[in-house]
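Enquirer: If you want the building blocks of each chain, they are given just below.
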Amino acid sequence: MANLKNITKKTKAQAMGMHTEILTGRTQQKFFNPDEAENFYYFGTYDVDFNKRTDLDVKDMTAAEANKEIDNLMSQGFGTIVIKNPQGKHSLGVGILNKLNLIFEGSLGYFGIGSCDGPIVRINGRVGWSCAENLMAGKVVIEKNAGSCFGAAIRGGDLICKGSVGARTGIDMKGGTIIIGGDAGAFTGFMMQRGRIIILGDVGINLGDSMYDGTIFVGGEIGSYGSDAVDADLTKSDQDWLKRKLKVAEIGEKFDVSKMKKIVAGKKLWNYDNLEPTEKKGAI
Amino acid sequence: MCGIAGLIHRGKSSNVGHELQGMLQALKHRGEDSTGYALYGDTDGKNFIMRFKVGENVGEGSSSVSEDVSVYDERKKIVDSYLSEMGAKIVKEERILPYSLRYEIQYDKKDLLEFSQKIESIPGVEILSMGKSLEVIKDLGNAKMVCDRYNLDKLVGTHAIGHARMATESGVDIKSAHPFWGYPFSDVSVVHNGQLTNYWNNRRALENKGMRFMSECDSELIAVYLAEKMRDGASLEEGMKESLAGLDGVFTYFVATKDSLGMAKDTMAAKPLVLYESDDLVAMGSEEIAIRSILPQEIDTYDPFDGEVKVWQI
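From first to last, the protein sequence lines are chains X and H. Be aware that the first sequence starts at 3, since it is given in this note's numbering, and climbs by one per residue. Be aware that the second sequence starts at 443, since it is given in this note's numbering, and climbs by one per residue.
Possibly wrong hints are sitting among the right ones.
Straight-line Cα separation of at most 27 Å, DSSO-like style, residue types lysine-lysine; simulated pairs [what the hints assert, rightly or not]:
{"no.": "1", "chain 1": "X", "residue 1": "Lys146", "chain 2": "X", "residue 2": "Lys270"}
{"no.": "2", "chain 1": "H", "residue 1": "Lys596", "chain 2": "H", "residue 2": "Lys560"}
{"no.": "3", "chain 1": "H", "residue 1": "Lys470", "chain 2": "X", "residue 2": "Lys70"}
{"no.": "4", "chain 1": "H", "residue 1": "Lys552", "chain 2": "H", "residue 2": "Lys519"}
{"no.": "5", "chain 1": "H", "residue 1": "Lys617", "chain 2": "X", "residue 2": "Lys164"}
{"no.": "6", "chain 1": "H", "residue 1": "Lys470", "chain 2": "X", "residue 2": "Lys86"}
{"no.": "7", "chain 1": "X", "residue 1": "Lys264", "chain 2": "X", "residue 2": "Lys238"}
{"no.": "8", "chain 1": "H", "residue 1": "Lys470", "chain 2": "X", "residue 2": "Lys61"}
{"no.": "9", "chain 1": "H", "residue 1": "Lys560", "chain 2": "H", "residue 2": "Lys752"}
{"no.": "10", "chain 1": "X", "residue 1": "Lys146", "chain 2": "H", "residue 2": "Lys752"}
{"no.": "11", "chain 1": "H", "residue 1": "Lys488", "chain 2": "H", "residue 2": "Lys586"}
{"no.": "12", "chain 1": "H", "residue 1": "Lys534", "chain 2": "H", "residue 2": "Lys519"}
{"no.": "13", "chain 1": "H", "residue 1": "Lys586", "chain 2": "X", "residue 2": "Lys61"}
Simulated from the structure, these hints should not be mistaken for laboratory data.
Generate the whole structure from the sequences, applying the supplied hints.
Expert: Here you go:
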């Protein structure tokens, strides 16, 4: 069982609104211990060469067939795969646990890029609901708009939408960064637990409703604040981080981050660090 | 779950029957208990088109009670006699299925309330739609099955809305299927995806004002709610905006009139909608694949935001 300890010394990350606890025990730290690497096999991963590139036309494939073929191509060492004619199909590009350059020439439907850990994905179209749900690591860039529940429950990685997104962006997110170039809908950051959301445009009602922790940065107007979402001071560290992140995200490089609003959890509704039993935290 | 789809051509007509069939068939995984079409066809606008049923589809999966087919004929005879009594002349008559009929009627009065009440006073008879352009066709099965059964594939018109239904809180029958006619308004139809939680409160209030409900499907409330607003003088768009506060629950709905198509999304944006808009075509559906069935090329689409209402004219 994970052993969670509160620490009193504030780190730079914590000063920016991140969580105030450290994780020890039987958690990812042990799981990814390099000393035990040879005993560790990550199912579904392959050695791929980014310079080995191929196209895959999925026009006449089901999502299952397309995903299986992507897996097959990775097993052959292809490190760059270009998907042609996705045509709004659901559940494409899911469960990829590899480093991989995956490019979609078109739009995805629901649940695209779900449960991935590591790939760099570029989608030259839009995505439907629940894109990149449960993303663990990697980078996903969407050139156009995205539907609701964008980045639901992500644990890590960078999720970038250059257009606008629907409601409940970053719902239940537990880490990582979501960056929106346009506007975002209602309940953005609903029940988020960690991680950061950046919205360059306007955001709808109930921003950060019932958020446990984490940070939301907004460049435009806010429809309304949700329960327990409160303003915080935008520090120099925040601004430096925002500039760096927006540059990496290929959007808003010239955006005046000094005027952004910073929203964090007031922790009046629910104090994630102090009130929750240790056993439950370990399970998260 | 249910899926909805709609499209409107601006400045031209198209084969909307075929197009909507493709859109709804792409959404069949969202429910195929029943499928319904509200098609706005090209007509000369002189006569009313009345789509009505004199019984239910009692085929496989239906929750309706089987009846002797002879009662359909008896009901039809009474409908014909009532029409004659009210001065309505049947110009063209089609019996599509034993229980489903289409009449073209010459009828000069504008108020359809009295007309509709009279016809629907016959037990087992329901007017599915009444209008000079609108035709509501709904039946059990997926979009292709209903399209084939009613020969909708070649219908030409300007706009259309439709619904693929997964029955959750009322029966698998035609009376609970969408679209719902905006009784008693000519050419008004509604489809809905979601769940309304103040259905009974609203229904009781509206029934006290003389509005009629034919099913126990919560979605019917939207059609009746909007009809009542328009009866009180509100425009379609005004009525739709009021519905955001008046209707409680989660919903995305479409409403169509003779020359317009509108959408509304609840304030929590809990139900999906993807929208494509260009100068000559607006197409929308619960999922992008519905739009892709008529526009396979790469297009720009977006999700309308919470509490958004939009109306387009032909």
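Enquirer: Please go over all the hints and tell whether each is borne out by the structure.
Expert: Quick rundown of the hints versus the structure:
1. Lys146(X) - Lys270(X): 37 Å, violated
2. Lys596(H) - Lys560(H): 33 Å, violated
3. Lys470(H) - Lys70(X): 24 Å, holds
4. Lys552(H) - Lys519(H): 24 Å, holds
5. Lys617(H) - Lys164(X): Not OK: Lys617(H) and Lys164(X) at ~45 Å, beyond 27 Å, violated.
6. Lys470(H) - Lys86(X): Roughly 25 Å between the alpha carbons, so the hint for Lys470(H) and Lys86(X) holds.
7. Lys264(X) - Lys238(X): Cα-Cα ~12 Å, so holds.
8. Lys470(H) - Lys61(X): 19 Å, holds
9. Lys560(H) - Lys752(H): Not OK: Lys560(H) and Lys752(H) at ~35 Å, beyond 27 Å, violated.
10. Lys146(X) - Lys752(H): 21 Å, holds
11. Lys488(H) - Lys586(H): 31 Å, violated
12. Lys534(H) - Lys519(H): Since the Cα atoms of Lys534(H) and Lys519(H) sit roughly 15 Å apart, the hinted pair holds (cutoff 27 Å).
13. Lys586(H) - Lys61(X): 22 Å, holds
Of the numbered hints listed earlier, those contradicted by the structure are 1, 2, 5, 9, 11.
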